[in-house]
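Novice: One-letter residues, chain by chain:
Number of protein chains: 4
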Amino acid sequence: MSSQNPIFIPGPTNIPDVLRKAVDMPTIDHRSPIFGKILHPALDGVKKVLKTTQAEVFAFPSTGTGGWETAISNTLSAGDKVLATRNGMFSHRWIDMCQRHGLDVAVVTQNWGEGIPANIFEEMLVADKAHEIKAVLATHNETATGVRSDIAAVRRALDAAGHPALLFVDGVSSIGCMDFRMDEWRVDVAVAGSQKGFMLPPGLAIVACSPRALAAAETAGLHRTFFDLRDMAKGYANNGYPYTPPVGLLNGLKLSTEMLLEEGMENVFARHHRIASGVRAAVAAWGLRLCAARPELYSDTVSAIRVPDGFDANKIVSHALNAYGVAFGTGLGDVAGKVFRIGHLGSLTDVMALSGIATAEMVMVDLGLPITLGSGVAAAQQYYRQSIGSPQQKAA
Amino acid sequence: MSSQNPIFIPGPTNIPDVLRKAVDMPTIDHRSPIFGKILHPALDGVKKVLKTTQAEVFAFPSTGTGGWETAISNTLSAGDKVLATRNGMFSHRWIDMCQRHGLDVAVVTQNWGEGIPANIFEEMLVADKAHEIKAVLATHNETATGVRSDIAAVRRALDAAGHPALLFVDGVSSIGCMDFRMDEWRVDVAVAGSQKGFMLPPGLAIVACSPRALAAAETAGLHRTFFDLRDMAKGYANNGYPYTPPVGLLNGLKLSTEMLLEEGMENVFARHHRIASGVRAAVAAWGLRLCAARPELYSDTVSAIRVPDGFDANKIVSHALNAYGVAFGTGLGDVAGKVFRIGHLGSLTDVMALSGIATAEMVMVDLGLPITLGSGVAAAQQYYRQSIGSPQQKAA
Amino acid sequence: MSSQNPIFIPGPTNIPDVLRKAVDMPTIDHRSPIFGKILHPALDGVKKVLKTTQAEVFAFPSTGTGGWETAISNTLSAGDKVLATRNGMFSHRWIDMCQRHGLDVAVVTQNWGEGIPANIFEEMLVADKAHEIKAVLATHNETATGVRSDIAAVRRALDAAGHPALLFVDGVSSIGCMDFRMDEWRVDVAVAGSQKGFMLPPGLAIVACSPRALAAAETAGLHRTFFDLRDMAKGYANNGYPYTPPVGLLNGLKLSTEMLLEEGMENVFARHHRIASGVRAAVAAWGLRLCAARPELYSDTVSAIRVPDGFDANKIVSHALNAYGVAFGTGLGDVAGKVFRIGHLGSLTDVMALSGIATAEMVMVDLGLPITLGSGVAAAQQYYRQSIGSPQQKAA
Amino acid sequence: MSSQNPIFIPGPTNIPDVLRKAVDMPTIDHRSPIFGKILHPALDGVKKVLKTTQAEVFAFPSTGTGGWETAISNTLSAGDKVLATRNGMFSHRWIDMCQRHGLDVAVVTQNWGEGIPANIFEEMLVADKAHEIKAVLATHNETATGVRSDIAAVRRALDAAGHPALLFVDGVSSIGCMDFRMDEWRVDVAVAGSQKGFMLPPGLAIVACSPRALAAAETAGLHRTFFDLRDMAKGYANNGYPYTPPVGLLNGLKLSTEMLLEEGMENVFARHHRIASGVRAAVAAWGLRLCAARPELYSDTVSAIRVPDGFDANKIVSHALNAYGVAFGTGLGDVAGKVFRIGHLGSLTDVMALSGIATAEMVMVDLGLPITLGSGVAAAQQYYRQSIGSPQQKAA
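Chains as they are written, first to last, in the UniProt record's numbering: chain P, 1 to 396; chain V, 1 to 396; chain X, 1 to 396; chain A, 1 to 396.
Possibly wrong hints are sitting among the right ones.
It does not matter which identical chain is used: a pair holds within one copy or between any two.
Straight-line C-alpha distance at most 30 Å; calculated DSS-like pairs for lysine-lysine [said to hold, decoys possible]:
1. LYS315 x LYS48
2. LYS81 x LYS234
3. LYS51 x LYS234
4. LYS129 x LYS37
5. LYS21 x LYS48
6. LYS129 x LYS48
7. LYS51 x LYS21
8. LYS37 x LYS315
9. LYS234 x LYS315
10. LYS234 x LYS338
11. LYS48 x LYS338
12. LYS338 x LYS47
13. LYS338 x LYS51
14. LYS338 x LYS37
15. LYS81 x LYS315
16. LYS81 x LYS21
17. LYS338 x LYS129
18. LYS21 x LYS47
19. LYS315 x LYS47
20. LYS37 x LYS21
21. LYS21 x LYS129
22. LYS315 x LYS21
23. LYS21 x LYS338
If you're looking for bench data, these hints aren't it; they were derived computationally from the structure.
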């Protein structure tokens, strides 16, 4: 019966009942006019969530990984140079994908726990007098380490260098949770998924493209059909889709964006910050520290928590599941075994967060870590109590 | 979005996803053979939950209150004498119902927080040489006060007095959660509802009748049609129902009993005891005490918690809802304003219980009560940790 | 997989997906303010469906049978005289219920297929100089025979006789489908259920009471608690309920009435008339006739179809289920074996109706009746085609 | 309310209630062992549906189009030659995809309505002494024309030529409906989708690969990441997935294959044949003919019906939707305006099929075509009646 427990993985998130019902649709004829009345409001809603009036939004039956592939395969050609930071598992995978597609990736390696070094980017862009770098890849929120990078700073680096490279941002675990300003930051491709801030089941790659990115799609040399933006755009223009659309998920996306916009994006961000701050207060009370190196890097959607040296963090995740029926996230890649992760994004309340914190405490004490039961809970309670009256309350 | 929070009212309970789906059926023809394949397994499942092979089980589209009315209107005649204890709101209401039906109720009044005084019952039964008392009414678990009475002791009182009165038990908030032995205790009518231990939405009055109760139905003088056991029995014998049956709820009851029996009733009871014990550990850590007067009266399905004199307990319930989106139970009747209640029955895990305890702490501190944040949580965590490996774990 | 086929029993009906989802709610605290926001709009919606501003509406966790018991037990006393017609199984059962509650029923027996004889009622009411008749019971639509009686005529009979008897109307299979004018007809108690015109699962008895009926409830002598209107009214006044309310069904009722009122009641009635007319065209094309004696008695919610003498109509129902997975209604009582019934109420389209008609044709030919395949379908198609542009279309 | 009408597009199909519920899951941790218990039974079920013990099955969060891209991008390199027939919209699109990926496609153009010309394939394969043709692409069922090609004949052509080319089969609208023998026909890659024979919502590309195809994936030069079989295989080996898996759809696939296998694949095929034969009987009765040129090409999943010259078939589709709320399929590509399509695959009964046939009749008469109302229905009824006792009945 533990399906009643909330989950604390950094996505897919807990799904509100109304969104489950919106996704669970009877079959409609996707070639009838009904489809356009689902599709376009969903896409328009995403635009507002992204704070863009310039970009076009596309939703593929895929995942964030498919969104990345959409970004690069529609805008680049084999041998093109791109610039990226490797500071976690997801930025690493994106780099790997570029290499497998024959791109030449200039990689800036950072310690896991650090963000994107905009200053190094700037130096490299300035040095690239020939403008060989065609795109800069930035992972807004590294889900593996709980690090939020400063995309505005990346944009400033590009501008300072007077460099025309496209700016691609992986916002899979940030969009719909933390502030994202597509137009202000002049992001060219933003990638999201249905299963994070949009609180839906997985199955949609959501890709927003600036006019420059769309123009690049006309000449890009990489092969693609399923992920071809031109086919998708042509379909949308006719209230259609280039193949069978995932109507239920699109219907869910329509309602999800309505819910987010009704709450107000600034309130949504404040709610995520509030829940996250309570979790961080608990971590501090436990005497542990985050993988993220500095407070300005702290993610409001996931906290990767370092365990004492020599302790296997994976034990926390498996014991939580086996003993208490609660799912936390394991550490991935370079930080495997060194961190466990508490996802705190999407449809989550302070009350639910407290049950995750309380579970983590039991688990750590069970496994012999020097944690005081109730200590993290009390710290989070204190934070949640004092921030009452905040937007979270209205959302609840 | 607070529909994601668990609820902590003493029923209706949190409903497992699989049971919601079992109830949410497309319409079937209830006069077709399909109906019998839902009805009879559901009724047979209830028998096993009640530990009876003697009784017949009936499920009416109604509630526990309708179950009580079924019990009395099918077995008694106007002017009949019945014996009952008033020790809480629900025993009070049952007495009131008897009086409104023209029965003569011998009421033993107890302080709210006390259980049924089997010794007094015995004295009164012994004194009733003429056997004017036709039925003894016993509320197994007083939902208003969190008091579990000893039904076996009531049976012993009847036996000691050699008294032939029928024994009716309100098991609405005990059956499916705490041990109930219909045959061993020779209960004549047991009343339950769908929305407590069976973890279903409200809408079913579940009534089990011994052969003696069914015999009484042949001669009882009180008027009834909707609640007539004879019509219902005749319907069942033909795989039918005397009117339109609530097929979805019956389908849910079929699955619910399968789930309970697969877990094992003793494991179900142990699970409830474990969750309840954690809540009680928290109450003790807060320095508060239960409405139930003594440990042997403590209910494993609901705890009514006394607040300090002069403090209005209703404020806790309203503040919890308004500030944190969590539902606790208010005090009713004699203990209105003096207690708040935490329901811990049905589909609930220790993790969910901890979120309720944590919320209660925040609420009480917000309202100025001298509670230490995290104190109750820590006590419950310690209890839950140490009882790990218990049946709850397997159920999860 | 035949759960995909529509059903053609005269209730419970096919349930629209949105209503199933409205009923399938997570548990809320029914003592919180949320409950009132579900309850009152639902009751207000029913008032509008009933075209009443005078009456109060009550919804019990019960069925139509419970609604009848509510009507009589709240307004009458043992020995009271009531006037009723027996012209089908449901009017028969209501009479039986009255007798079991100790009422003195003056029964006007009609052939099954006939309606209420308002002229005979008038004679009897005129003759009742002492006004011993306290209530007149009228079944608006006899579900067993597919006969709609003229309630306005019954009211005229009462008025012509200057008789003060209360007027009770069983509208279980008419309300929400065929015109019902609570105020204009001065109906004192109207009884409906959730599972017919409201297109919901069974589980609600919906009872509307005029001020005169409510006044009678203050002095009525019959025993009742579960069905007591005074307790229910007191609960509603406090946004509450006298016991655990069936929140999901009430939420469904709220949405159901919104849907009906948005469509417009006259359009709802026209839609039912259109679907029914197509079925009747098919019956005529088959060379069969209805149980209902004359066109003005034809019900728009159910057609009871007479089979040739000597043929067992039940075979049609069982063969349809076994061979084609389709549910029709059997004949009940006096017309058992003589008719089969096609329910055409609630959420049904002409397209669905055609599949029922086509199935009935196959079944009758399979069983050797002299029916031409496609004949009834063609007649119904012709009717449906020509009535296109009618309100049904907009509803679709 | 027309969401109650069945749909008659050739996929996505009507979804059985139990499959909708299986897909509508609460979120689980896809990195926990629970995931493997959903994934592997689903994949194993697909193997049995495909009659293969040799192949490996993969399920991507994508559609049939993505399945095609998986097939070619994992096995071929730019410049590779492939052989294909263009005989409808879907075979055309596959050819187009190959060309966009830089493959050299030898196209055999057929009239739309014809199948794959195995004899021409054989000649071309024999002529390809250098074995430049790396793969033969075959669309098992052309959804646009309702043509089923003979895959066994294509295999015989390859064998007769002693040619080692891989054999890829698009079985999107055949698998799970019409006989498919992966091992016997030595198919190297078979492509299916969730939304046709598996009766699920869209969102899964299901791809089965022979050992030869998997070996080719080790050296293929085309770029891919999202659709990379090696990443997917590595994930599966660890009960994982290379990115976020569509858990609900996989859970649905598990149940879907259980349902199909319990019914028995031969029974499933017979059921589709029976439903389709009824539709074809109706078409003949209308005096119309199918797009498919000859009976051996007739598809059991979709019928494309030619309308009289000069009549715009699209009017049928739009009028059916607007006037009756029923969805048929339009003609695509070369046969746009010349055919309309009735999908009869997945979860469909004869009763539902009759409602589609009846609707088509009304529509055609409304639009002035010389059709006799009831004529097609009668022909289909006659067929369905006489084939009663067939497997369909047991499935129902």
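Novice: Does each hint hold? Answer for all of them.
Specialist: A quick look at each hint next to the structure:
In this assembly of identical chains, LYS315 and LYS48 lie within 30 Å of each other by CA distance neither inside one copy nor across copies; the values are 41 Å within and 37 Å between. When the C-alpha separation of LYS81 and LYS234 is checked against a cutoff of 30 Å, the pair qualifies both within a copy, at 29 Å, and between copies, at 29 Å. When the C-alpha separation of LYS51 and LYS234 is checked against a cutoff of 30 Å, the pair qualifies only within one copy, where the shortest distance is 24 Å, while the shortest distance between copies is 38 Å. Taking the shortest alpha-carbon separations for LYS129 and LYS37, neither the intra-copy value of 47 Å nor the inter-copy value of 54 Å comes in at or below 30 Å.
Within a single copy, LYS21 and LYS48 get their C-alpha atoms as close as 23 Å, and across copies as close as 28 Å, so both meet the 30 Å cut-off. Taking the shortest Cα distances, LYS129 and LYS48 never come within 30 Å of each other, neither inside one copy (36 Å) nor across copies (59 Å). Proximity of LYS51 to LYS21 under the C-alpha cut-off of 30 Å is restricted to the intra-copy arrangement: shortest distance 27 Å within a copy versus 33 Å between copies. When the C-alpha separation of LYS37 and LYS315 is checked against a cutoff of 30 Å, the pair qualifies only between copies, where the shortest distance is 21 Å, while the shortest distance within a copy is 48 Å.
Taking identical chains as interchangeable, the C-alpha atoms of LYS234 and LYS315 lie at most 30 Å apart only when they sit on different chains, with a minimum of 23 Å there against 50 Å within one chain. Taking the shortest Cα distances, LYS234 and LYS338 sit within 30 Å of each other only across copies (24 Å), while inside one copy they are farther apart (47 Å). In this assembly of identical chains, LYS48 and LYS338 lie within 30 Å of each other by CA distance neither inside one copy nor across copies; the values are 38 Å within and 42 Å between. Taking the shortest alpha-carbon separations for LYS338 and LYS47, neither the intra-copy value of 38 Å nor the inter-copy value of 39 Å comes in at or below 30 Å.
Proximity of LYS338 to LYS51 under the C-alpha cut-off of 30 Å is found in neither arrangement, the shortest distances being 36 Å within a copy and 45 Å between copies. In this homomeric assembly, LYS338 and LYS37 come within 30 Å of each other (Cα to Cα) only across copies, at 28 Å, whereas the closest approach inside a single copy is 48 Å. For the homomeric pair LYS81 and LYS315, neither the shortest alpha-carbon distance inside one copy (41 Å) nor that between copies (52 Å) is at most 30 Å. Taking the closest pair of Cα atoms, LYS81 and LYS21 never come within 30 Å of each other, the shortest separation being 44 Å inside a single copy and 47 Å across copies.
Neither within a single protomer nor between protomers do LYS338 and LYS129 lie at most 30 Å apart by alpha-carbon distance, with minima of 41 Å and 58 Å respectively. Taking the shortest Cα distances, LYS21 and LYS47 sit within 30 Å of each other both inside one copy (23 Å) and across copies (29 Å). Neither within a single protomer nor between protomers do LYS315 and LYS47 lie at most 30 Å apart by alpha-carbon distance, with minima of 41 Å and 35 Å respectively. Taking the shortest alpha-carbon separations for LYS37 and LYS21, both the intra-copy value of 18 Å and the inter-copy value of 21 Å come in at or below 30 Å.
For the identical chains of this complex, LYS21 and LYS129 are neighbours neither inside a copy (53 Å) nor across copies (58 Å), given an alpha-carbon limit of 30 Å. Within a single copy, LYS315 and LYS21 get their C-alpha atoms no closer than 35 Å, and across copies no closer than 33 Å, so neither meets the 30 Å cut-off. Taking the shortest Cα distances, LYS21 and LYS338 never come within 30 Å of each other, neither inside one copy (38 Å) nor across copies (38 Å).
Checked against the numbered hints given earlier, the structure breaks hints 1, 4, 6, 11, 12, 13, 15, 16, 17, 19, 21, 22, 23 and satisfies all the rest.
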